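Q: From first to last, the protein sequence lines stand for chains A and B. According to our numbering, the first sequence is numbered sequentially starting from 155. According to our numbering, the second sequence is numbered sequentially starting from 279.
Incorrect hints may have been included.
Claimed, not checked - Calculated cross-link-like contacts (lysine-lysine; reagent style DSS-like; alpha-carbon spacing at most 25 angstroms):
| hint | chain 1 | residue 1 | chain 2 | residue 2 |
| --- | --- | --- | --- | --- |
| 1 | A | 218 | A | 240 |
| 2 | A | 406 | B | 497 |
| 3 | B | 613 | B | 497 |
| 4 | B | 621 | A | 408 |
| 5 | A | 406 | B | 613 |
| 6 | B | 613 | B | 500 |
| 7 | B | 498 | A | 406 |
| 8 | B | 613 | B | 561 |
| 9 | B | 561 | A | 406 |
| 10 | A | 397 | B | 561 |
| 11 | A | 317 | A | 240 |
| 12 | B | 498 | B | 613 |
| 13 | A | 406 | B | 500 |
| 14 | B | 296 | B | 326 |
| 15 | B | 621 | B | 561 |
| 16 | A | 408 | B | 561 |
| 17 | A | 271 | A | 227 |
| 18 | A | 408 | B | 498 |
| 19 | B | 497 | A | 408 |
| 20 | A | 408 | B | 613 |
| 21 | A | 218 | A | 271 |
| 22 | B | 500 | A | 408 |
As the list claims (entries may be wrong) - Derived DEER-like restraints, expressed as beta-carbon distance ranges:
| hint | chain 1 | residue 1 | chain 2 | residue 2 | range |
| --- | --- | --- | --- | --- | --- |
| 23 | B | 459 | A | 319 | 20 to 30 angstroms |
| 24 | B | 347 | A | 182 | 42 to 52 angstroms |
| 25 | A | 389 | B | 486 | 33 to 43 angstroms |
| 26 | B | 365 | A | 390 | 27 to 37 angstroms |
| 27 | A | 277 | B | 446 | 43 to 53 angstroms |
Unchecked claim - Here chain B is said to cover these stretches of chain A; the calculated rule only asks that three of the stretch's residues, wherever they fall, bring their Cβ under 8 angstroms from a Cβ of chain B:
| hint | segment |
| --- | --- |
| 28 | 307-315 |
| 29 | 325-335 |
Honestly, the hints are just simulated from the structure, not real lab data. As the structure is a computational prediction, the values presented were derived from the model and not from experiment. Where is the CB? At the ideal position from N, CA and C, for every residue including glycine.
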Amino acid sequence: MNQLFHIVVCASVVPDPLQTLEPVTGANGPSLKNEMMLPAILDPWAAHALYEGANLARQIAGSKLWLVSLAPKAKLQQVMMTAAQKVPLQLVAVDGPCGGFVDAHQTAALLAAAIRKIPELDFSRLLLFGGWESASRSAGVTLQLIGEELGIVDQFQGVDAIKPQDDGSFEVLERIEGARHQVSVCTGPPAVLGWATGSLGEPRNDPQVGMANMRSIMPALQRATAGTIAPDGLQYSNVAAPKQQRQTQIVKDKPADEIAREIVQWITQE
Amino acid sequence: MDTILFLAHTEADGTLGKAALEALGAAVELKQPINGTLVAAIFGAQAKAAADFIASCGAQRFLTVEGDEFSQPRYATDAAACEALIRAAGATIVIAAATSRTSRVLAGVAHRVQGCVDTHVTSIAAVSGTITVTRWFYRQRIEGSLTRSHRPWILLLDPGAHAAWQGAAGSATTETVEVPLPDALRRTTVRSVVTPPADQQTIRPDANLLFVAGAGWTKKQKDGQTHVPEAETIILDFLRNSKASLGGSKSLVDLSGENQAALPFMGHLNQVGQTGASPRHPKGLSTCCHGEEPHTVGWRFIAERRAINLDPNCGWARGKADVLYVADAFEVMTKVNELLAAK
Numbered sequence: 155m156n157q158l159f160h161i162v163v164c165a166s167v168v169p170d171p172l173q174t175l176e177p178v179t180g181a182n183g184p185s186l187k188n189e190m191m192l193p194a195i196l197d198p199w200a201a202h203a204l205y206e207g208a209n210l211a212r213q214i215a216g217s218k219l220w221l222v223s224l225a226p227k228a229k230l231q232q233v234m235m236t237a238a239q240k241v242p243l244q245l246v247a248v249d250g251p252c253g254g255f256v257d258a259h260q261t262a263a264l265l266a267a268a269i270r271k272i273p274e275l276d277f278s279r280l281l282l283f284g285g286w287e288s289a290s291r292s293a294g295v296t297l298q299l300i301g302e303e304l305g306i307v308d309q310f311q312g313v314d315a316i317k318p319q320d321d322g323s324f325e326v327l328e329r330i331e332g333a334r335h336q337v338s339v340c341t342g343p344p345a346v347l348g349w350a351t352g353s354l355g356e357p358r359n360d361p362q363v364g365m366a367n368m369r370s371i372m373p374a375l376q377r378a379t380a381g382t383i384a385p386d387g388l389q390y391s392n393v394a395a396p397k398q399q400r401q402t403q404i405v406k407d408k409p410a411d412e413i414a415r416e417i418v419q420w421i422t423q424e
Numbered sequence: 279m280d281t282i283l284f285l286a287h288t289e290a291d292g293t294l295g296k297a298a299l300e301a302l303g304a305a306v307e308l309k310q311p312i313n314g315t316l317v318a319a320i321f322g323a324q325a326k327a328a329a330d331f332i333a334s335c336g337a338q339r340f341l342t343v344e345g346d347e348f349s350q351p352r353y354a355t356d357a358a359a360c361e362a363l364i365r366a367a368g369a370t371i372v373i374a375a376a377t378s379r380t381s382r383v384l385a386g387v388a389h390r391v392q393g394c395v396d397t398h399v400t401s402i403a404a405v406s407g408t409i410t411v412t413r414w415f416y417r418q419r420i421e422g423s424l425t426r427s428h429r430p431w432i433l434l435l436d437p438g439a440h441a442a443w444q445g446a447a448g449s450a451t452t453e454t455v456e457v458p459l460p461d462a463l464r465r466t467t468v469r470s471v472v473t474p475p476a477d478q479q480t481i482r483p484d485a486n487l488l489f490v491a492g493a494g495w496t497k498k499q500k501d502g503q504t505h506v507p508e509a510e511t512i513i514l515d516f517l518r519n520s521k522a523s524l525g526g527s528k529s530l531v532d533l534s535g536e537n538q539a540a541l542p543f544m545g546h547l548n549q550v551g552q553t554g555a556s557p558r559h560p561k562g563l564s565t566c567c568h569g570e571e572p573h574t575v576g577w578r579f580i581a582e583r584r585a586i587n588l589d590p591n592c593g594w595a596r597g598k599a600d601v602l603y604v605a606d607a608f609e610v611m612t613k614v615n616e617l618l619a620a621k
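Next comes chain A alone, as it looks inside the complex (with noise of 0.2 angstroms):
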């Protein structure tokens, strides 16, 4: 018999891949250009993360599903109009900064301060997820700050597959160097798992699944708190975008042969 999971989570906001982005410098420090006005979607990895979660409290009857977010009130609200289509879950919005220039340490404390307050959340079932690195700051640092937070000390990074055993214990295969994988065997929860790609693909928007989260996302929203986050003692410069644009040579109407001889060429040089 498998144990239930109490699985939380962890997902931001982040800008449209397909976005320009443009940094610029305010009295609070840099920012994207236009932020608040880019179509944004739920951080990929950590959307691996809500679609394995799912998965997982799908399989074993009684566990649970909390998405716990900060971001910008406004801006949660639009991503999760997709997002509340893919899979059941009950959403803890906290309201503040989310970009790639927020300090990771405190927003792991609001994080973990809102894990706290979920009424029902069991810690000795909990599954802390989240993407291992988010599409912004890109640090891989947030998910194990929070953990640490919460006292919880078996953490994994890189995770492409969970595999729960009938002890109660559970496989973990996290990403390491050189293409391969770790195979961890944890004795249960409480554990933190930073999602790489996982293994499913992303669901497909199902309206009713949409229409049930919508339910209590909204309430959520309205209940999110404002969470404020301060420089401190981090202090930025030159933060710009490369202007590498390179003169590239194009080469047309060429035979294959000549191409693939100039190609070898390069390659064989030192």
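Since chain A is already given, all that's left is putting chain B on it; use the hints.
A: Frame of chain A; chain B shown alone:
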């Protein structure tokens, strides 16, 4: 005055990896401009032998945590070891290589020592005594420099971002730091490492060339048919002949996950770009790749870039590659394979 701690783990064979030696190079280089002191700390199997290997690095102290329990890359024990070493050193700046093992634990350790952490650091400099680090934001699309006044400050340096330390081995006088390990820290056991079979190992971090395959390999060709088996043969032959590392565009990798006609050896680990890796190789050759800026970050750290594409205006190549061959990749790569095989 800052105390710089070079923090590293040993590899499975008891040596220090290249990335660790690069981090040591950065730590040694930082010592002089900030007038700091250097301490070296090593945990894992055969830490004493690793300390001997870097005995001439200029460290004032060599600290080690050794023992079977610290040989496995596991959060609970690694975090306990790193915490103990940072405290024992009285470190204000900690420099470590961003390996999977250190990346798994050092943010958590920063929390324990009431410090702060920055990862994926690409350079560490001191200007007028102020330490400034550079890293990328938004998946290699924005580069920024930052400083922190908070200490201890833990920095994880990306592999390939600094020259490796070189020096003579010797005999280091090591101090062993004892780390208590209650049962609560042994709940996780590392069982094994899964390595792809040699003939399926397509990711080679040390390769001279990154070969990026795009979804075009699986699309209809000029005869109106797809040629996925041929594409598979051509790509694998090329990897075998050239010893290149294989990267894939998101669209191609996603095809594999959606059970569409795709290249069976192409998985998410191969993915480069916005939601994949940005590996460091001296050269890169992209073939049949289409896409705009977000995806081309996959070869942000490739020095020399060439591309083969039928579209002369391809966003992946134009302005991003040094040379764009407007040609059929099937034809060109077949010829390339013939030439490489004959060498």
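Q: Report the numbers of all earlier hints that the structure fails to satisfy, in ascending order.
A: none
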